Amino acid sequence: MVAAKAAVYEGTAPSNVFTRHDMRGDTVLDCDVVIIGSGAGGAPVAAELAEAGFDVIVLEEGSYYQTRDFTADTSKMVRQLYRDGGATMALGTSPIMLQEGKAVGGSTVINGGMSWRTPEDILEHWVKDARIGTTPKEMEPYFERVEKRIHARVNDKEAIGRDNWLLKEGADKKGWKIIDNIRNQVHCAGSNRCAFGCPTGAKQSALVSYIPRALHFGARVYADVRVDKITLQGKRATGVVGRVALPNGGAGAKVTVRANLVVPACGSLHTPALLERSGLKSPSGRVGKNLTLHPNVKMIAMFDEDVSSYRGVHQAFQVREFVPEGIGTFAAINLPPGVTAMSLPHRGRVLGELMDQYNHMVVSGLLIEDHTTGSVRTIAGRPQSFYDMAKEDLANAVRGLSLLGDLWFNIGAKKLILPFHHAVEATSPAELKKILSAPIPASAWELFTVHMMGTCAMGADRTASVTDEFGMMHDVDRLMIADASLLPTAIRTNPMETIMALATRNAGHVIDNARRFLS
Amino acid sequence: MSVASLPKAHTFSAPSPFPTSAALALEATPFDQLDDIFMNGTTPDPEQLEGWEFRGINRMPLNNVPWAVAAGIKKFVKGFYRGNDGRLMGYNVPIVCNALDGRWHYKPSDEAPKHWGFFEVTPVDATARDNKFLHAVLLDYGKGGNAIYDVMRGLRDYLVQVDPRNPDLYLGRAYYALGPARLGKLNYFILERHRRA
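Chains as they are written, first to last, in my numbering: chain L, 1176 to 1694; chain B, 19 to 215.
To be clear, the hints were calculated from the coordinates, so they are not data collected in a lab. All values derive from a computational prediction rather than experimental measurement. Errors might be hidden in some of the hints.
[To be verified] Okay, derived cross-link-like pairs now, DSS-like style, lysine-lysine, Cα gap no bigger than 25 Å in a straight line:
(1) L:K1566 to L:K1589
(2) L:K1303 to L:K1343
(3) L:K1590 to L:K1609
(4) L:K1348 to L:K1590
(5) L:K1348 to L:K1609
(6) L:K1608 to L:K1589
(7) L:K1349 to L:K1590
(8) B:K125 to L:K1456
(9) L:K1456 to B:K150
(10) B:K150 to L:K1464
(11) L:K1343 to L:K1332
(12) L:K1404 to B:K150
Required output: the full structure, derived from the provided sequences and hints.
Encoded structure:
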């Protein structure tokens, strides 16, 4: 049986994907472009540049998994696919749990696949405030190109689960604006496992869209490589040095890549840390500053009926009624039993009894648009984020929970489980109102996010931004950032498509100036 | 002060003999604001420099102390020309330190100006020792052919175009090379298109 399994798997990985098993000794590689990170930023740059004829190497700290590796073993998936096992935290008055992917494909492997263009007013705001050329008209072809590559579309109706239909019923009853969600998927079957690796391959993460395209055009992907620093000659980036990341967390053989262009695409936490470790300073002093998070809060609604939220697509709809008020979107988001149990404030028998009712739960969340910023500092070579929730954001969260609670009670929810440590349940609208109208200690909030943005923001002003409008770091030669850290502000919606579109635009800039970057 | 708030300068084709209000405004701008303007300048186009002389005004750290005037270096001229070997080169001309908004009178005379303090103009090489500002061009007096004992050999000026729409106005920032060390910033200087070289 073991032999048969090995025979099936043997030779099925693409020949230009390398893992720790291929790098037992020190390795030195040469290429035109080295990209650090393979997620929403790195993968599009890799595909675009490889297609244009550049010799591209992608380094990824996480491992290389394929669709067949994604199972219902949530604990194993979290350990394999999430940085720090999903236990990263932003420190502040209300600690916020941060989650990001660590695998080939980056966070696109573990996100819900929401594919929304940057709101036009945000793009216009960037044009005016950051003085960059990202007008809606300028960005249009890049959004179109990305949407084509990742198959951004609405879900098949028959794949939508009861939890999402309940959200729609509630919003319709209130007369609130609710829209079909656009996701990067091809006939998603609705196994609701997006956050733990799509087991069917329907979700068009970078792993199954951009990375295969990059490989097809000759890019090489080295998984299990942790980059320590960018090498420099004066102020010119000349490559990177790193180590093979061993399963026990240790460092293996040395990996050196020499390149004409270095592209950090490690996300908003690790890109500033990499710059810091490499001794790269911005004239603006803004590396690691301007962190925005789209803080999320969750509310679980308990129904008498069997909802079985694990059946159906992830976030089929988004309630957008209150976006103008600074409360981003409401959505139904299924969590598997283990994760749900871990996130509940209950204990012992009560928790057991509650989890007995798992099939009656609808997990919902709301996204808050930041009115403040935090920072990422590098401590002992690793990033640590700091973020204090703004009072108005906490007020928006209270208002959002009140509205969401109304929606659920209005369609028959029997109980709500709240994101507070001091008041965990509400069984009636009156009780919810009482809880929400009393002062809520900042430390009582249970907050989380998967949208870390803005720590190497673009801008024309070298004294106020880290890169130019194409991600080229100010006052450093041949270093182009391509990830969420470029976003000058929070964007009020899921950032994956924005990151991909900006990365595609950055890649176009390199292609248009190939002679300059390759000389 | 920002670039946008600078008064509109004269056009490229008809340079004025007097400093424009834009140049004088820069001269009166506090040092920390000049830092911002310099950092947000654009890379000069060498073709816009070649074959021209530019009126220069030194902007010292303590602008209210007239030591630059006393030393006779408040006003100067920089000229740019293409050397026989194809390199873009430049020179300085001493100027009578009359009123700031007065005419630029060459020393010792307008008819026979003294050319000195020669330099080479190059893009800033990110990998070289003098790589402080990659968006500038470097005026390297060490490569200007100045005499070995000439103190000018140590000067390293970085020059940026203040406003991308105005190729007549430039801002420079001076450093001094002492072996591998760089002393600075010594001062800013403003260059404004003056006349054909």
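Hints versus structure:
1. L:K1566 to L:K1589: violated, 30 Å
2. L:K1303 to L:K1343: violated, 37 Å
3. L:K1590 to L:K1609: Holds: L:K1590 and L:K1609 sit about 15 Å apart, inside 25 Å.
4. L:K1348 to L:K1590: holds, 19 Å
5. L:K1348 to L:K1609: holds, 24 Å
6. L:K1608 to L:K1589: Satisfied, since the Cα-Cα distance of roughly 15 Å is no more than 25 Å.
7. L:K1349 to L:K1590: holds, 19 Å
8. B:K125 to L:K1456: Between B:K125 and L:K1456 the Cα gap is close to 44 Å, so the pair fails against 25 Å, i.e. violated.
9. L:K1456 to B:K150: holds, 12 Å
10. B:K150 to L:K1464: OK: B:K150 and L:K1464 at ~23 Å, within 25 Å.
11. L:K1343 to L:K1332: Holds - the C-alpha atoms of L:K1332 and L:K1343 are around 13 Å apart, at most 25 Å.
12. L:K1404 to B:K150: Status holds; Cα separation ~21 Å.
In the structure shown, a violation is registered for the earlier hints numbered 1, 2, 8, in ascending order.
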